[in-house]
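**Student:** Spelled out from the first residue to the last, the chains are:
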Amino acid sequence: AQSVTQPDIHITVSEGASLELRCNYSYGATPYLFWYVQSPGQGLQLLLKYFSGDTLVQGIKGFEAEFKRSQSSFNLRKPSVHWSDAAEYFCAVGSGNTDKLIFGTGTRLQVFP
Amino acid sequence: DTGVSQDPRHKITKRGQNVTFRCDPISEHNRLYWYRQTLGQGPEFLTYFQNEAQLEKSRLLSDRFSAERPKGSFSTLEIQRTEQGDSAMYLCASSFRGNNEQFFGPGTRLTVL
Chain P
1 AQSVTQPDIH ITVSEGASLE LRCNYSYGAT PYLFWYVQSP GQGLQLLLKY FSGDTLVQGI
61 KGFEAEFKRS QSSFNLRKPS VHWSDAAEYF CAVGSGNTDK LIFGTGTRLQ VFP
Chain D
1 DTGVSQDPRH KITKRGQNVT FRCDPISEHN RLYWYRQTLG QGPEFLTYFQ NEAQLEKSRL
61 LSDRFSAERP KGSFSTLEIQ RTEQGDSAMY LCASSFRGNN EQFFGPGTRL TVL
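Protein chains in written order, with our numbering: chain P, 1 to 113; chain D, 1 to 113.
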């Protein structure tokens, strides 16, 4: 069965520091992979997506993610974190013909000034 | 393009009551999804429509839950005889077939007392 694992429940970084959020997936075929961000009281906003092609994908707000098939990973990175990046981050895989999303449990990012 | 909208944003009800939520997708999107998100978890897929046809339902969707999309535009999700375990955020998303990118609404937070 398809699944997504986000090993880090909570991460704290200082403003200006680099960030990497981990995501591992289990999927039988070539996956469609997504990172979403959710701020308190807000809906989910798409940061970036991977369908095929270049394994390093660029997203909004300065985020990027790298697809590594050999490691079944799709980690999210940002070189310099801003206080406004504090939020919950979800990795997801698109499943089957319906494209329903299977989400990880999320990583809560806290940013200290 | 006003995005995906959901109504109401918050609903408090007593156990045993029926509730209905509405989702208005992005106008040209023919796919519509419902997800449920509980505290500390990622969203979980409930059901999916392509135009007016409901094509997939999760096992999470008990007999007390029913969803419709009568004209292939807006959708409603009804929960009958609510239970405390139904307390969650109910998220709606829409996409255009072949695009795979889902746009989420702000959600309806249900509290069952």
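Everything labelled a hint here was simulated from the structure, so no lab data went into it.
Do not rely on the hints blindly, as some may be mistaken.
Unchecked claim - Taking lysine to any residue and the SDA-like style, the derived pairs with C-alpha atoms no more than 25 Å apart in a straight line are:
id, chain 1, residue 1, chain 2, residue 2
1, D, 57, P, 8
2, D, 57, P, 26
3, P, 49, D, 11
4, P, 49, D, 103
5, P, 49, D, 14
6, D, 57, P, 2
7, D, 57, P, 1
8, P, 49, D, 63
9, P, 61, P, 28
10, P, 49, D, 65
11, D, 57, D, 74
12, D, 11, P, 68
13, P, 61, D, 2
14, D, 57, P, 46
15, D, 14, D, 63
16, P, 61, D, 30
17, P, 49, P, 30
18, D, 14, D, 51
19, D, 11, P, 28
20, D, 11, P, 42
21, P, 68, P, 84
22, P, 49, D, 30
23, P, 49, D, 27
24, P, 49, D, 19
25, P, 61, P, 80
26, P, 61, P, 2
27, D, 57, P, 95
28, D, 14, D, 61
29, P, 61, D, 103
Said to hold, decoys possible - Chain P side only, calculated, beta carbon under 7 Å to chain D, not exhaustive:
id, residue
30, 60
31, 63
32, 99
33, 106
What the hints assert, rightly or not - Some chain D residues flagged as far from chain P (calculated, every beta-carbon gap over 12 Å):
id, residue
34, 42
35, 97
36, 109
Here a beta-carbon is modelled for each residue, glycine too, at the ideal position from N, C-alpha and C.
**Student:** Against each hint, give a clear statement of whether it holds in the structure.
**Tutor:** A quick look at each hint next to the structure:
1. Taking the CA atoms of residue 57(D) and residue 8(P), the gap is about 30 Å. The hint is violated against a cut of 25 Å.
2. Taken as a hint, the residue 57(D) and residue 26(P) pair is honoured in the structure, with Cα atoms around 21 Å apart against an allowance of 25 Å.
3. For the proposed pair residue 49(P) and residue 11(D), the alpha carbon gap of about 33 Å is over 25 Å, so the pair is violated.
4. Pair hint residue 49(P) plus residue 103(D) holds up; C-alpha atoms about 13 Å apart against a cutoff of 25 Å.
5. The suggested pairing of residue 49(P) with residue 14(D) is violated, with an alpha-carbon distance near 40 Å, which exceeds 25 Å.
6. For a cut-off of 25 Å, the pair hint linking residue 57(D) to residue 2(P) stands: about 16 Å separates their Cα positions.
7. Annotation: proposed proximity of residue 57(D) to residue 1(P) holds, straight-line Cα distance about 16 Å (limit 25 Å).
8. Proximity of residue 49(P) to residue 63(D) is assessed by CA-CA distance (about 34 Å); at most 25 Å being required, the pair is judged violated.
9. Annotation: proposed proximity of residue 61(P) to residue 28(P) is violated, straight-line Cα distance about 31 Å (limit 25 Å).
10. For the hint linking residue 49(P) to residue 65(D), the alpha-carbon distance of about 31 Å lies beyond 25 Å, and the restraint is violated.
11. For the given pair, residue 57(D) sits about 18 Å from residue 74(D) by alpha-carbon distance, which is consistent with the 25 Å threshold.
12. At roughly 42 Å between alpha-carbon atoms, residue 11(D) and residue 68(P) are farther apart than 25 Å, so this suggested pair is violated.
13. Between the alpha carbons of residue 61(P) and residue 2(D) the distance comes to roughly 21 Å, so the proposed pair stays at or under 25 Å and holds.
14. Distance restraint check for residue 57(D) and residue 46(P): the Cα-Cα separation of roughly 24 Å lies within the 25 Å cut-off, and the hinted pair is therefore satisfied.
15. Distance restraint check for residue 14(D) and residue 63(D): the Cα-Cα separation of roughly 19 Å lies within the 25 Å cut-off, and the hinted pair is therefore satisfied.
16. Between residue 61(P) and residue 30(D) the alpha-carbon distance is near 28 Å, which puts this suggested pair outside the 25 Å criterion.
17. For the proposed pair residue 49(P) and residue 30(P), the alpha carbon gap of about 13 Å is at most 25 Å, so the pair holds.
18. With a C-alpha separation of about 33 Å, the suggested pair residue 14(D) and residue 51(D) falls outside the 25 Å cut-off, and the hint is violated.
19. Restraint check for residue 11(D) and residue 28(P): the C-alpha separation of about 39 Å exceeds 25 Å, so the hint is violated.
20. Restraint check for residue 11(D) and residue 42(P): satisfied, since their Cα atoms lie roughly 16 Å apart, inside the 25 Å limit.
21. At roughly 28 Å between alpha-carbon atoms, residue 68(P) and residue 84(P) are farther apart than 25 Å, so this suggested pair is violated.
22. The straight-line distance between the Cα atoms of residue 49(P) and residue 30(D) is roughly 20 Å, inside the 25 Å bound, and the hint therefore holds.
23. At most 25 Å may separate the alpha-carbon atoms for a hinted pair to count; residue 49(P) and residue 27(D) meet this at roughly 22 Å.
24. Simply put, residue 49(P) and residue 19(D) have alpha-carbon atoms about 34 Å apart, too far for the 25 Å limit, and the pair is violated.
25. Proposed proximity of residue 61(P) and residue 80(P) is supported: the alpha carbons are some 11 Å apart, at most 25 Å.
26. At roughly 29 Å between alpha-carbon atoms, residue 61(P) and residue 2(P) are farther apart than 25 Å, so this suggested pair is violated.
27. For a cut-off of 25 Å, the pair hint linking residue 57(D) to residue 95(P) stands: about 14 Å separates their Cα positions.
28. Straight-line distance between C-alpha atoms of residue 14(D) and residue 61(D) comes to about 20 Å, which keeps the hinted pair within the 25 Å bound.
29. In summary, the hint linking residue 61(P) to residue 103(D) is supported, as the alpha carbons are separated by about 17 Å, within the 25 Å threshold.
30. With its C-beta approaching chain D no nearer than about 13 Å, residue 60(P) sits outside the 7 Å limit, and its interface hint is violated.
31. For residue 63(P), the interface hint is violated, the least distance from its beta-carbon to any beta-carbon of chain D being 16 Å, above 7 Å.
32. Of the supplied interface hints, the one on residue 99(P) holds, with its beta-carbon coming within about 5 Å of a beta-carbon of chain D, less than 7 Å.
33. For residue 106(P), the shortest C-beta to C-beta distance to chain D is roughly 5 Å, which falls under 7 Å, so the interface hint holds.
34. A beta-carbon of chain P comes within 12 Å of the beta-carbon of residue 42(D); the shortest separation is about 3 Å.
35. The non-interface label for residue 97(D) is inconsistent with chain P: the shortest C-beta to C-beta separation is roughly 9 Å, within 12 Å.
36. With a least beta-carbon separation of about 9 Å from chain P, residue 109(D) fails to lie farther than 12 Å from that chain, contradicting its non-interface assignment.
When held up to the earlier numbered hints, the structure conflicts with 1, 3, 5, 8, 9, 10, 12, 16, 18, 19, 21, 24, 26, 30, 31, 34, 35, 36 and fits the remainder.
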